[in-house]
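Work out the full structure: start from the sequences and follow the hints.
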Amino acid sequence: MKLLTCPLNGPRNISEFTYGGEYHPMPDDRSADSSAWAEYVFFHDNRAGVVLEWWCHTPSSYWFLAERDTVSDQVVRTFAFSELGDTQEGG
Amino acid sequence: MAGSGASSTVKRLPKPFGLLIDRDQPVSFEFEGQTVVGLQGDTIASALVAHGQWLQSRSFKYHRPRGPLTMAGQDANTLVQLPSAPNTLADTYPIADGLQVQAQNYAGSLRRDWRSYTGLLARFLPVGFYYKTFFRPRGIWEWWARFFRRQAGLGEINQAVSRQEYDFDKQYKFADIAIVGGGPAGMRAALEAAQDGLEVILIDENPRLGGSLNYARFAADRKLAEETRDELVKQIEQNSNIEVLCNTVCNGWHAGNWLALIAANRLYKLRAREVIICSGSLEQPAIFRGNDIPGVVMSSAALRLVNLYAVAPGEQVVVLTGNDEGYATALTLAEAGVVVKAIVDMRTEASSSEFNTALAHYSIPIHQGCTVYEAQIDKTTQRVCRVEIRAIVGKGECEDSGIMLDTDCLVMAVGYMPTYQLVCQAGGQLSYDDASSLFSLDSYPAHMEIAGSVNGQWDLQAVLDDGKRAAQSALSWLGDDGDDSAQLPDGKHDPLAAGINFSWPMFPHPKGKEFVDFDEDLQIADIINATRDGYENIQLVKRYSTCGMGPSQGRHSALAAARLVADATATTVAETGVTTARPPFAAETLAHNAGRSFYPARRSNMHHRHMEAGAQMMQAGAWYRPAYYGKADDMAASIEEEVDNVRSNVGIIDVSTLGGIEIQGPDAAEFLNRFYTFAFAKQKVGMARYALLCNEAGVVIDDGVACRLHEHHYYVTATTGGVDRVFQSMLKWNLQWGLQVDISNSTSAWCGVNLAGPNSRQVLARLCPDIDLSAAAFPYMGVREGAVAGIPARIIRVGFVGELGYEVHVPQQFGEALWDAIMDDGQSEGIAPFGVEAQRVLRLEKGHIIIGQDTDAMSNPRELQMTWAVAGKKPFFVGGRSIRELEALPEQRVLVGFELEVEPALIPKEAHLVMADETMLGRVTSCVQSPTLGKAIGLAYVPPELSAPGSELTIKVDEGKRVTAQVSQLPFYDPDNQRQQL
Amino acid sequence: MTLSPTNHRRRSPLYRQHQAMNAEFFQQGDALLVDHYGASLGTEAGQAKSLGVVDLSCVARLGFKGPEASGWIQEQGLVIPELPNQAVETADGTWVARLSANEFMLLDNPANPELTLSALRRRHAHAMNGEPRPQAYLLERGDSHACLAVTGEQAPDMFAKLCAIDLRGPHFANGSVAQTSVASSNAIVIRADRGNTPVFMLLFDISLAEYQWSCVLDAMQEFGGAPIGLTALQALSSDT
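Chains as they are written, first to last, in our numbering: chain C, 1 to 91; chain F, 1 to 982; chain H, 1 to 240.
Please keep in mind that the hints were generated in silico from the structure rather than gathered at the bench.
The structure presented is a predicted model; accordingly, all values stated were derived computationally and were not measured.
Nothing false has been slipped in among the hints.
For lysine-lysine, the following DSS-like pairs were computed, each having C-alpha atoms within a straight-line distance of at most 30 Å:
#, chain 1, residue 1, chain 2, residue 2
1, H, Lys49, F, Lys269
2, F, Lys170, H, Lys49
3, C, Lys2, F, Lys269
4, F, Lys234, F, Lys15
5, F, Lys873, F, Lys732
6, H, Lys49, F, Lys173
This is how it looks when you write it as structure tokens:
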């Protein structure tokens, strides 16, 4: 079974985690045009390469972010949401 | 039984042969109803061979006679039936007193299996038979299927075996370094790895550590192996950092160095930081006519019989070889006193090995440049009796005639394939050099090492050095975790390896029966014909021909098949490759995978009171909830009675499963404003408000009530099935919003009941004298904190069932005491419990939806007619933008109430369709016969033009019948909400 | 006189299991706790050292959570662990486990009932009525979670059948905390040794109590583990 390293709890079986989808900052819901809003709500990048994802460690209900390479299926790093400022969000 | 008959007098070879047996301990068991006496330490197969019984099983397809091939559990030639388990490997299963063994796959008797005449049908069962028969002519498959189900024996499951005998379970294990394979490389690696105080686990499938050191010959001096083994084992036993797991098969490598180990009835899940694979090699058969006849064995099997069990494989053995291993085997046999009648060496040049030099003493005739062209069977003993030797004139070609030699055992030594399975499961690539006929493994992942013959090392010192190197490499991984680039093997091949594999040990015969795959009875022509049928890729050949799909999973057929496919398609073996290796390595039972089953079940503190009251329980997610109280065959009447009691008197239902979430902090109201659709900022302390939850797409996903207990504290309920997701979602959103609130899931902290019905107030009043329950002091949707029956409680006046009602929530462990107090106190009114079924009827009468039942993945507030619960003027809430987008679009459908009066069989059910002629217009989501209203009522999605009260709906019910219903105003019951406001 | 749990308002979800094993109870606060089972008083001390399980569901537990939780607890004079997933034992035997930067779980010492926790509860209620209200919120962990103490040298092997975390001595030292999955359900495991015997506090959603109890008993079987009472648990403390 795969391991994923929770920033709070350390490496754990992947079965202890809930996947929370790709991370996308929400556009301003008053000013965004309809297509931008639909893009945000319904579309995923599905990028081949490193993507930024939400993961939750279920037993501790701890949400964090993971950079995962969808080509090699290796998790590059995991970090607390508060450290997001250090990361460049692509797309 | 023991000692009866001639069987006990069977001679064994002298000591030191027979490492595993105890000569003083006879063990008596039954084979095919006959008593057989073996020795403690024997396997079923070794004990039988000791008695000259080579015939032990029948093949799967043609029912050909079969006997031991590898003596290592690597083939399916000796599958036998035990009383408790089918498909047991006789060559590794230890005998025990009284063990009853039956052969498999035969009709009549093992010796005279009348279904073996299927072999005569072979030309009608061409390769790809199954594929072809699936297609045409239509219907023919069913005819063949009946034939094959009788024909294809796979043993029988004894369903009478008790639970205890099948007491399988699982356990985690942990190691710094796990080493698979307890041969010289694995043992050396373990000793090297354990030096730093790290925890090492050494895994071997055999009962005794040592691997090939237990049976194989590494030098003319046969003591070398034994002395090397004894020294390594001694050091391992003295090292407390090494845990040895014998009789344990590593059946799979999974991501994160997670190894599946099978030991007896247990599946170990071993998580290791580093893995070293020292799995050794698998000896390969020569391919010629009759190579599957009992008594034709691998050289390693012959050596195992001699060295482990002191069993002579025959009285006049012929050795067929393509390398020096054949000479090593012949030398061991000769030293043990077994007559070696001839050595047939496929190579043109005489062996220069030290084994050949030592053999001079025994004057064994050597047929250089020859092969066995055909082996023949003795019809009576069903064992090899004669071989035909022919000179080799080209690749796979022989002279037109040869000489016949009588023999009762033919030993094959033509080469090896690395035991590559675990390495390839981890992503390793197996390569083959057509020039040297050697394999190599590379591209396996970080934190894995390989050593020993699996890594192309054959000389004993080279193997030991390789084990040491692998361990040092693993230690460096542990020391420096940063470097994740794939580790490459050193690439140096041991010079001894050069001659280990004979390049083309395959000799087609005009009459066939040269088996490539013993499990599936596939011959040379079958593989070649598969390529001619257009399946030129090895993966397709496998699926078309079933080659490698039997229990031995291609361990002896993959190389031969690759060679044949390469030859037939004019490519190299390297280009052809082998098929993908996937777990499990060896056959494993479903029981191993099932282990103990864990089905978490949640129960409220009142659970047993429901059971005592005769409740029929149902599952809601992991929770047990009372469906109704009464006998199972009295369901409808019970539900009706419960409904009536709530409407006319007072009922009580356990609502502990309802989700509860505490929202605390200065921004609590702002948080709810953003999260739910309603407005909460102006909500008064001491009041509850309906809370509808949409996702970002504007789809309704949950609901509950938000109780304001303090300016900064809300207690929010959520649906039983939805609370975990709602809670997670709240945390995720607030990470991004950064509001000053704390969110915690308090579902299980509270145990609750809903006390519902016109008499609920007077029951509750007697239990909480400190709270004024009057309508003026404690109005509908009011919330109070106080004591009920002396227990601290939260009381919420809600109306889900449409009557005067109070939800009373108390700390979980007081739940049963609360139930007891209310039931006791309510006796004077005739209080009675009601279940989830009655609640569903009651809420439907009141027109309340259930999220998940009456909504789907598209339901938005407008079509649910719930825009009243959406505060459109708020600056932001989740789903708000999408709801506005949806409102700008034409409405697609509306959830409406409908009613009809029909006989019970015609009452619509969930998912029945609303039709216009043959066009589907919508569907029913809920429908029940209402005891209160005396008619059937329900909810359905319909097009907007059919949503006006009075519209007629045609609903297609069971058996395709159609009924007509009228759209009605919601709620069906008490439209002025007088009763819940009492 | 035999005490009956049904005469008390707070009832462990496992009291029927205890009764079925002829438990002798004693009263503590609102509830009854198991003193010992049937005639096994003499053997339970030894059982506790090899492998035992004690139901501590009715022993008080409190949670504190919120951005000011760590400060507030420290102001009350308690020591807190420096890092999440660590636990410390206070002088009176209360265990303070830190689940995250802002969340704590406090386990009462049944030998010293409610000494610390009831005082904390009172002071917290007082603080919440004042201004400014601390952003340190009290969670009723005694009701949301059941608690079993699994004792003895063989406990890590037993847990290996239920849990993917390595709980063996050097890997999970005294005071370690794991928030993980036990028997396929969320759980918190806290190593809280008594004397020189390893003790693991297993906390999980209280509605799973009967399920988890049966899983632990089943997993214990091959090691000869068995339920024990509070007397045997407390005897471990004096054994050094």
